[in-house]
Amino acid sequence: MQERRKETRYPVPEIYRQYIIFKIKKDDDFIQVALLDFSRHGIRLKSPSPIENNSVIGCLISVPASLNKEVKFKVRVRHCVADDTSADFIIGAEIEEIPDKLWFHVFEKVHDFILNRMGKVF
Numbered sequence: 142m143q144e145r146r147k148e149t150r151y152p153v154p155e156i157y158r159q160y161i162i163f164k165i166k167k168d169d170d171f172i173q174v175a176l177l178d179f180s181r182h183g184i185r186l187k188s189p190s191p192i193e194n195n196s197v198i199g200c201l202i203s204v205p206a207s208l209n210k211e212v213k214f215k216v217r218v219r220h221c222v223a224d225d226t227s228a229d230f231i232i233g234a235e236i237e238e239i240p241d242k243l244w245f246h247v248f249e250k251v252h253d254f255i256l257n258r259m260g261k262v263f
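With the working numbering, the residue at position 52 of the sequence shown is 193, and numbering never jumps.
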């Protein structure tokens with residue numbers, strides 16, 4: 142697969158994954174998935190269920206220990222492949238729609254914080 146990203150995706154270290162709750166909408170329900178990496182315009186997830194390429198799915202992200210807010214947004218699935226190390230699927234998606242831009246901006250600040258701490262904490 143040819144790399145087409147215009148920006149770097151940054152890994153979400155295992156130590157931070159326990160604090161970030163990420164859910165995707167699948168068959169009218171939200172299921173929790175692991176956020177593996179992110180950029181300002183895209184994400185990579187690990188999901189127990191496959192998602193069809195080019196489909197637009199709803200997402201919720203929250204950090205319950207810090208904020209009492211779930212931020213909703215939509216992504217377009219660009220690829221979905223079976224994970225070599227588990228029964229899960231690796232999903233790459235482009236951020237498509239952000240209805241609540243103010244709260245999404247809060248998570249962008251978390252993005253910046255993680256980038257600034259890389260190498261200092263993990």
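Some clues are possibly wrong.
Heads up, simulated DSS-like pairs for lysine-lysine below, C-alpha to C-alpha not over 30 Å straight-line [as the list claims (entries may be wrong)]:
#	residue 1	residue 2
1	K166	K215
2	K164	K215
3	K166	K187
4	K147	K213
5	K210	K167
6	K213	K164
7	K210	K164
8	K147	K166
9	K187	K210
10	K215	K167
Source of the hints: derived by calculation from the structure; they are not laboratory data.
Here is how each hint holds up against the structure:
1. K166 - K215: Answer holds: K166 to K215 is near 10 Å, not above 30 Å.
2. K164 - K215: Holds - the C-alpha atoms of K215 and K164 are around 11 Å apart, at most 30 Å.
3. K166 - K187: Distance ~14 Å between K166 and K187 Cα, so the pair holds.
4. K147 - K213: Satisfied, since the Cα-Cα distance of roughly 24 Å is no more than 30 Å.
5. K210 - K167: Since the Cα atoms of K210 and K167 sit roughly 21 Å apart, the hinted pair holds (cutoff 30 Å).
6. K213 - K164: 10 Å, holds
7. K210 - K164: 13 Å, holds
8. K147 - K166: Satisfied, since the Cα-Cα distance of roughly 27 Å is no more than 30 Å.
9. K187 - K210: Roughly 23 Å separates the two Cα atoms, so the pair holds.
10. K215 - K167: Holds. K215 to K167 sits at ~13 Å (cutoff 30 Å).
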